[in-house]
Amino acid sequence: MKKLVKVVSLMLVIIMGLSLVACGEKTVEIKETGSETQSASTNEAGEATDATEVKSEDPVELSIMHFLVRETGTGQDLTMLDRIDAFLESHPNVTLNQEIMSHDSYEQKIKTLAAANEMPDIFFVKGSMVDTFVENDIIAPLNSALDERPEWKDGFKDGIFDDFMRETDIYGIPFALNITSLIYYNEAILKEVGINEFPKTWVEFETAIIAIKAAGYTPIALGNKGKWVAESCILSTLGDRFTGSEWFGSVKNKEASFEDPDFVKALDAFQGLAEIGAFNDDMNSIDNNQQKTLFYAGNAAMFMEGSWAISSVEQDAPEEISSVTGVALIPSVDGGKGEQAAVSGGAGWAIQINPKLEGAEREAALDLIEMLSDTEAATLAVEANSFPASIPGEYDQTKLTPLMLKVEELLKGVQYTPIYDVQLSPSIIETMNSGLQELLSGIITPEELAAKIQKENK
Amino acid sequence: MAQISINKPKRRELLLYIGPGFLIYAFVVLLPIIFSLRYSFLEWSGGKNAKFIGLNNYIELMNDKDFWWALKNNLFIIVVCVIGQIGIAFLLATAMNSKLLKLNRLHRTLLFLPVVLSAVVIGFLWTIMYNKDAGLINLFLKVIGHPEWIKAWLDDPGIVLTSVSIPLIWQYMGLYLVIFLAAYQGIPKDVFEVAEIDGASGLKKMWYITLPLIMDTFKVALMLCIAGNMKVFDHIFIMTNGGPGNASTVVAQFAYNNSFIKFKLGYGSAISIAIMIVSLILIVLSRKVGGKNHA
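Respectively, the protein sequence lines represent chains R and Y.
Residues in the first sequence are numbered consecutively from 1, following my numbering.
Residues in the second sequence are numbered consecutively from 1, following my numbering.
Treat the hints as calculated values from the structure; they're not laboratory data.
Being a predicted model, the structure only gives us computed values, none of them experimental.
Heads up, some of the hints might be wrong.
Pulled a few chain R residues facing chain Y out of the computed Cβ check, cut under 7 angstroms [stated by the list, open to error]:
hint : residue
1    : K111
2    : D131
3    : T132
4    : D137
5    : A140
6    : N143
7    : S144
8    : D147
9    : D281
10   : N284
11   : P426
12   : S427
13   : E430
No more than 27 angstroms apart at the CA atoms, straight line, and that leaves these computed lysine-lysine pairs for DSS-like [stated by the list, open to error]:
hint : chain 1 : residue 1 : chain 2 : residue 2
14   : Y       : K65       : R       : K452
15   : R       : K111      : Y       : K132
16   : R       : K111      : Y       : K51
To be clear about the criterion: a stretch of chain Y counts as covered by chain R if any three or more of its residues have a C-beta under 8 angstroms from a C-beta of chain R, and this derived list gives those stretches [as the list claims (entries may be wrong)]:
hint : stretch
17   : 18 to 28
18   : 236 to 244
19   : 252 to 260
Cβ coordinates follow ideal geometry from the N, Cα and C atoms, glycine included.
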């Protein structure tokens, strides 16, 4: 009897142990082979159980890491996931191991992998990571790859490579043109407090905010837990209003300083918004998805995010909100040196390959990247209400939502200014981002923040 | 007839017994410390290029206001957690050993359950609870009719450290409760009986008899608490990511930010070595508590 109890308990322990191991991974691993009719079935532990492959060429195995999550993805994300599927169909000999996670988790993981020099075969890089990665030979220029495929290279919009170019070397293939700083506003709430047209100047803007707050709404829903929203979606454009884009170039060359009075004025204006109560109290403990939820619930009059949010508004907002949503640019400031109708925009993220790839693997990887950023991808992206990096072909105008048309109208003839966290070093960005949280909470003054940031700019 | 003989293991046998454990310990703990020490003398951003800069990282560290601020945050958390985790656990253990509490086994199990939960899970749970608009805590305050007490628990720089310490206390007081309950078993019952005959009440019993007799365990618990709270990272990372700004940044988070966000791995390693030194100092100081005595 004792022995039986022992044996049964041992079995139970083993079963429990195995079930713990097999469950709950934060990242989703998908192993996909190209044979579409008999797709390789996978269980949670990621073992491919059967695969009949039509071997026309040598089998190639590639690993890719990205943050395109089907359940929560924007229009752009979904288009790219579809293009990955199309790639697998046209390349039956390729096995693609996909590691997918959320955007913020991806940023953390890719930096950790870079520090350990264990990069996947294909991955995404942000502009601010380029310098560090190049310094440590994590990424290599892709000029030769682009020159080998001229049709692909010519299909890109003008200047889209700028964020990822160092001298003449191109260090990433962009896939989207992101405008990072749009104000999405609820026309109904604004009308309620007597504003029929979106404020054109900063002074009008502040007056509007005070009126909206008095009516019991949160003027601007801000979800800055990830620390990048305040800097990427607001300061990048607001800063430029005061300083102009030339100053930004000089700061990168260490010729100008973050302590220059124009930049400090921008910080001051930003803090001014917080002081008149423009933001929600919990701005630093909710993220950019939750800020939109406040807007969708009709509790907030505005939120500030990029062009990627257009499709989110269409998909997730209730009808009564999305039908009254308008878009605007940050208002102009008095005496600012920048182009007052400019907006921060650029490539944001780009795709790269591990420089160690060669031969058939390298070709396959480049094929995938090409399919993610060519004319076909661009056309699909536009029809999904996004802004691709390449020039789209003929697209179906009727697929564009009213909000997308409003944005296209707004952006006609608008100049693009640099996005801070795409072009500055990670060290500066981290200090700026943390510091902005402090600035908006009233812990430090604009001058102190400017000094802190400048310390990293040595 | 059973004969009990005690064999003192020969020296070689001793080494064989301890060997595997020590090897694993050396590989997982000692080796990384040595590597960290080596990296802390470099200026290194993670790849092939590393520059030897001697003690510059440490000099920069001494002058870095953010490091001392993070250390102050850690000390605050340690104080709150010693009072919270050990204090509450001690009171509970005493209550359990008197006739006050029934269902001891049930209480012990329930209190110990949070200890086995993952820190990340607890972080997320409490983030949801602390949420200003939809969180359980603010909802509760509204229900009991005190909406003016509602705060942005994780956003107000003045209270964020306390907010972040509460899940820590909640999670680990079960651990210390079990430790103290075990210590209580070691006290002979006669001592209490004699004291009761002499007329000692509950509180006096606790202060004059129980506390001195479990002082050794108490010191071990104190050491565990200090060491654990110098290392704290996961909960705070999930709840506030060190924010707003630096308000809840602890030294481990500071090392992480410098190493993996700012790509200053040499500096991050120097921070790690500094954390180790400060922890050792604190633990040595803590052993002087309660007068010097055995072990």
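Legend entry - Numbers of the earlier hints that this structure fails to satisfy, in rising order: 2, 5, 6, 7, 8, 15 and 17
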